[in-house]
Amino acid sequence: MVEDPVAKWEEFIRSRYWDELLELADSYPLRRSLSIKFPDIDRYDPEFADELLEKPGPLLEAAETALLEIDLPIDVLLEKAHFRIVGLPRRYKTSELRSDHIGRLIALEGLVRTVTEVRPKVISAAFECQRCGHIFYKEQTTSKFQEPYDCPNDACDRRGPFKLLLDRSRFVDAQNVRVQESPEELRGGEQPQTLDVQLEDDLTGMIYPGDRIVVNGALRSYQRTTQTGKSTYFDLFLEGNSIEMMEQEFEEIDIKAEDERLIRELSTDPQIYENVRKSIAPSIYGYDEVKEALALQLFSGVSKGLPDGTRIRGDIHILLVGDPGIAKSQLLRYISKLSPRGIYTSGKSSTSAGLTATAVKDELGDGRWSIEAGALVLADKGIACIDEMDKMRSEDRSALHEAMEQQTISVAKAGVMATLKSRCALLAAANPKFGRFDKYEGIAQQINLSPALMSRFDLIFVLTDEPSDARDSKIARHIGQTTYAGEISSRGGYSKEELEAVMEIIRPAIEPEVLRKYIAYARKNVFPVLTDGARERLESYYVNLRKQGQDGNKPVPVTARQLEALFRLSESSARLRLSEEITGGDAERVIRIVEACLRQVGVDPETGLLDADVLAVGMSKSTRDKTRLMIDLIRELTTEHQGPAPMEAVLERAETKLGMERHKAEDIIKRLRTNGEIFEPRPGFLKLP
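First residue of the sequence shown? That's 1 in UniProt numbering, and the numbers climb one at a time after it.
Any given hint could turn out to be false.
Claimed, not checked - Below, a list of computed lysine-lysine pairs in the DSBU-like style, where the Cα atoms sit at most 30 Å apart:
1) Lys361 with Lys230
2) Lys230 with Lys256
3) Lys433 with Lys524
4) Lys256 with Lys524
5) Lys93 with Lys433
6) Lys670 with Lys687
7) Lys433 with Lys144
8) Lys80 with Lys37
9) Lys121 with Lys413
10) Lys230 with Lys278
11) Lys144 with Lys256
12) Lys361 with Lys278
13) Lys163 with Lys121
14) Lys230 with Lys138
Hints are computed from structural coordinates only; laboratory data are not their basis.
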C-alpha cells in the first residue's frame, strides 16, 4: 500500500503531465477533466499502477485531492476537476465479467444501447433541524437517499423532524447508459449481454445510442431484492471514470499529416476510379458497374440546406435486385464493414420498430417511456444495408419512405413524440418475386416492392445469372484461386513470397483502412461545385429524355427525381478524386451509370420506351391505357346485356375491337379484380361496382 498516495500523484503529475495540467487550468471550468494514460502510470511505478487497478476508489479520490492541492502558477482552484484514466491494458466484454472483477478498475467495450436523460443527482444534502434550526450536511454515497437519524447539535440531540434545503445542497449531473456487447463478436446462438454504466458531471451527454465505446471505471455490485426479501444474488454495474470512442463517423476519423500526403498522392493517380472499384469486395468477380456505384455511394453527394429551410439529401440509395447466389449479400456485408457506421440487417427478421425506432418502458430511469433507436438511426452518417428487402412485411417497408427521402424518423407512441435523424445511405438487396427473373416479363412486375419505395432509390441494378462459357470459366477460376489463397493462408508453412503471389488475386488495390481514411478526408474537406459545362450536360440529358414524352400518346420517360440523382452522383464522382469542381467527365460517368439502370428497370416491355410510371406507379402507360379501355369495354357490354358482362364476350371484344392478346386481356381483368375495380357477381360474369 502506498503510504501517501496524494504526494505520489503530485509527483507523477509534476514529472509527466505538468503541461496538460496547465492547459486544464487555463480552460477550467469549461474543461474539467485531466486524461491520464495508464501505460504512463505503469512506466512511472508498476506497483502503484497495479494498486490502482486493484483499489481504484481511494486512489482516484487521492488523485482529485492532489489536483486540488498542487501549486499552480495560475490563480485557479481546481475544485471540481476530475482525474480520468484511459488506455487500460485489457478490454472486457460483459459476458467475461466475474465476481473477481468486483471493485477493480476495468475497461468495458461495447455498443451503446440506451441512454437516459441527464438529471441532477444530490451528492451532499443540506438539512435543517425544525426544532433548533441547526443546518448540517449529509453526504449521499449510495443510490438510496440517506436521511439523518438525529440532530448533530449537542444542545438539541432530537430525532427530527428535518427539512431538506435544496438551495444549499450540492448536485452533480448524472446519467445512466446501457452498454451491449457488439453483435458481430458473438458466437452462434449466444445472446448479447448488457451492463448498466453510471456517468457523472462532464461525462454526461457525450454519447448516444449506436456509439461504439470503451468505458473505463470501477465495477460495483448491489444486492437484488425480490418479493420474498433480499436475494443472495447480486447485480453488477460500472461506475464510469472515462469514455473512449471506438468507432467514429467518417467526419471524425483522425487523419494525420502522412495520411493526408498519401491520400493526395492516391487522388492524382489517373487510375483512381479503377483502384477504388478494385478495393470493393475483391473476392467477388466482376460487377464493375455495381462496384463503381457502391464507391460513389461511400463518397456520397453533398447535403444542401436551402435558404427556405429545405434540406436536400446528399446520400445515395442503391437497390440490387438479382437471382439467388450471385453474391448480393457478400457485397452488402463488405460495404457495411467498410463504412464506419455500417449496419447490416436482414429484411426477413426486421420489423419497422427494429429498423426505425420504438417506445420502450425505461428501466434505467424511473419507468417512463423513452425512445429506443433502430437500425436506420444507429447508421446515422453511415450506410444501412438491408438484405432480402422483398421478404419484409409491406407495413414494415412503408416505414422506410420517410427515412429515405426526408432522412428523419418521426415517432408518436405512448405519449412520446420525437423526430430522430437517420442521415444514412440505404443499400438494399432483393430477389425477384418468383425466385428467378423471367426475361420475357417486365422487370418492375417481378420485384415485390411498392412503386413509392422503388422510386426513392437513385440507382437500381438488375443482376441476372445467365450461363456464358467465357464468363463462367473466369468466375470458376477466380473462386478456385480465392479458395486456394484462403486455404494456404490458414495452413501455414509457406514462404512470404509464395503467400504474396497467391494473395494477389484477393488483395484490394487500396487497403481498407487507407480507403476509409480517404473517404473520410473527401467527405470532410471536399465540397465540389458544378461547372457550367457539367451542368449544361446534365440538364440537356434530362431535357432530351423528357422530350420523348411531349407527344401526348407517349409515356413520361423520367421525373425530377432522376435529375436530382444525377447531380448527387456527379458530386460524389468529383469527391472521389478530391476535385472541387464537377467536370464534364463526371457528368458523362454518371449519365452512363444512370442510363444503364433506366434501361434495365424503367422500360415499358411492350413499346421499348423509357417510362417513369413503371417505377413510380408500378404500371406502364401502355398498360394503364389498356386498363382504361378494358373498363370502358365492360361498361359497354354491361349496358348491352342489361346485366353483368359475360367474361367470354369481354375477351372476344378485347381481341377484335382493341387488338389485345387474350392472355394480356386476362391479366388486366385479374389485376382489376384484385384491386376491387370490378367484381364477379357469379362465375364467368363481370360487373363494375
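Evaluation of the provided hints:
For a cut-off of 30 Å, the pair hint linking Lys361 to Lys230 stands: about 25 Å separates their Cα positions. Proposed proximity of Lys230 and Lys256 is contradicted: the alpha carbons are some 55 Å apart, above 30 Å. A hinted pair counts as satisfied when its Cα atoms are at most 30 Å apart, and Lys433 with Lys524 does not qualify at roughly 41 Å. A hinted pair counts as satisfied when its Cα atoms are at most 30 Å apart, and Lys256 with Lys524 qualifies at roughly 14 Å.
A threshold of 30 Å between alpha carbons decides the hint, and for Lys93 with Lys433 the separation of about 42 Å lies outside it, so the pair is violated. For a cut-off of 30 Å, the pair hint linking Lys670 to Lys687 stands: about 13 Å separates their Cα positions. For the hint pairing Lys433 with Lys144, the CA-to-CA distance comes to about 59 Å; that exceeds 30 Å, so the pair is violated. Between the alpha carbons of Lys80 and Lys37 the distance comes to roughly 20 Å, so the proposed pair stays at or under 30 Å and holds.
Distance restraint check for Lys121 and Lys413: the Cα-Cα separation of roughly 29 Å lies within the 30 Å cut-off, and the hinted pair is therefore satisfied. The suggested pairing of Lys230 with Lys278 is violated, with an alpha-carbon distance near 62 Å, which exceeds 30 Å. For the hint linking Lys144 to Lys256, the alpha-carbon distance of about 48 Å lies beyond 30 Å, and the restraint is violated. Restraint check: the Cα-Cα separation between Lys361 and Lys278 comes to about 47 Å, which exceeds 30 Å; the hinted pair is violated.
Between Lys163 and Lys121, the direct Cα distance comes to roughly 18 Å. Compliance with the 30 Å bound is thereby established for this hinted pair. A distance of roughly 26 Å separates the Cα atoms of Lys230 and Lys138; the hinted pair therefore holds under the 30 Å criterion.
Taken one by one, the earlier hints fail for this structure at numbers 2, 3, 5, 7, 10, 11 and 12, listed in ascending order.
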